[in-house]
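Please take these sequences and the hints and turn them into a complete structure.
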Amino acid sequence: MSTTSTTGTESASGAGAESKVRRVRPVIAIDGPAGAGKSTLAAHLARRFGFLNLETGAMYRALALKAIDHDLSFDEEPELLELAERTRIALKPQLEGNLVLLDGVDVSRRVRDGDVTAAASRVSVHPRLRHWMVEQQRLLGDAGGVVMEGRDIGTVVFPDAEVKIFLDAAPEVRGNRRYRQGGPAQAEVTEEAVIRELKERDARDRNRAESPLRAAEDAVILDSTAMSLEQVLKAAEEIVEAHLGERRR
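Start counting at 1 in the sequence shown, then tack on 21, and there's your number in our numbering.
In case anyone wonders, no lab produced these hints; they're calculated from the structure. Some hints could be false.
[As the list claims (entries may be wrong)] Cross-link-like lysine to any residue pairs, in silico, SDA-like; alpha carbons within 25 Å at most:
| id | residue 1 | residue 2 |
| --- | --- | --- |
| 1 | Lys220 | Ala236 |
| 2 | Lys220 | Glu97 |
| 3 | Lys255 | Pro54 |
| 4 | Lys220 | Ser94 |
| 5 | Lys255 | Gln115 |
| 6 | Lys255 | Glu183 |
| 7 | Lys220 | Arg143 |
| 8 | Lys220 | Ser60 |
| 9 | Lys255 | Glu267 |
| 10 | Lys255 | Arg69 |
| 11 | Lys220 | Val146 |
| 12 | Lys220 | Arg131 |
| 13 | Lys113 | Arg159 |
| 14 | Lys220 | Ala230 |
| 15 | Lys255 | Gly266 |
| 16 | Lys220 | Thr61 |
| 17 | Lys220 | Val241 |
| 18 | Lys220 | Pro233 |
| 19 | Lys220 | Asp134 |
| 20 | Lys255 | Asp181 |
| 21 | Lys255 | Thr61 |
| 22 | Lys113 | Pro47 |
| 23 | Lys255 | Asn197 |
| 24 | Lys255 | Arg198 |
| 25 | Lys113 | Ala139 |
| 26 | Lys220 | Gln202 |
Computed from a predicted structure; not experimentally measured.
What follows is the structure, encoded as structure tokens:
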């Protein structure tokens, strides 16, 4: 698979966890479970501070979509790796999030459908596929000035990220939010079913052998269970502003 980003950001040599180059602008890593609001927060911080928003989860969803279209099993890593080798995924940051291109086709809306997000969770458990994805994500963000959200950005992709936020909330709260966001397309799905699906996904993400979901030791834990969206955005802004203020000293 080839991945590109029209971000205007050039990756430094030796991209990855052991990068020794001091970035002019920081990498902001946002991790957390499904439905926590990472995409909303990442998009807001990118706009607020003039950074690029690279939604790395879209890469997994795009590959999962192609696996669906080719009727491949999500449990067969060799077949998925072979599929990846002949796949082109491009992320093009826009004002309201990323444009996701799969083999040149805009799939930005499709990759957010429930069947695709569920498939991405199953695809992402494979160690060799995750390793390949991590290398691509490092290439996209190593120069800094980016906000990257996912489930292992601060622990695996960029353990040297200057700002790390772990956004969490109780599964019942995340499920309620996702249910209310579903609209007419989700009319026949109950809130209980959405919550149950989130709990199942949490279990897969937290217990997978490769890059399990967990907060980095130096991450700021932001639990939004009892917070409004405005409160979450303000708290995250203060975390980033505190770091930027230290750099100016």
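When you check the alpha-carbon spacing of lysine 255 and asparagine 197, does it fall within 25 Å?
With Cα atoms ~22 Å apart, lysine 255 and asparagine 197 stay inside 25 Å; holds.
For the pair supplied as a hint, lysine 220 and alanine 230, is the alpha-carbon distance within the 25 Å limit?
Holds, because 18 Å separates the two Cα atoms, which is no more than 25 Å.
Given the hint that lysine 255 pairs with glutamate 183, test it: the Cα-Cα distance must not exceed 25 Å.
OK: lysine 255 and glutamate 183 at ~19 Å, within 25 Å.
For the pair we were handed, lysine 220 and serine 60, check the Cα-Cα distance against 25 Å.
19 Å, holds
Holds or violated: lysine 220 and serine 94, Cα atoms, limit 25 Å.
22 Å, holds
Has the given pair, lysine 220 with arginine 143, been kept, meaning a C-alpha gap of at most 25 Å?
14 Å, holds
Need the status of pair lysine 220, alanine 236: alpha-carbon distance at most 25 Å?
17 Å, holds
Hint consistency between lysine 255 and glutamine 115 [alpha-carbon to alpha-carbon, up to 25 Å]
22 Å, holds
Straight-line alpha-carbon gap lysine 113 to proline 47, limit 25 Å
20 Å, holds
Is lysine 220 close enough to proline 233, meaning Cα to Cα at most 25 Å?
15 Å, holds
Quick one, are lysine 255 and glutamate 267 close enough, alpha carbons at most 25 Å?
Judged against 25 Å, a Cα distance of about 18 Å means the pair holds.
What's the verdict on lysine 220 and valine 146, does the C-alpha distance respect the 25 Å limit or exceed it?
16 Å, holds
Every hint, counting from the list given before, is met by this structure.
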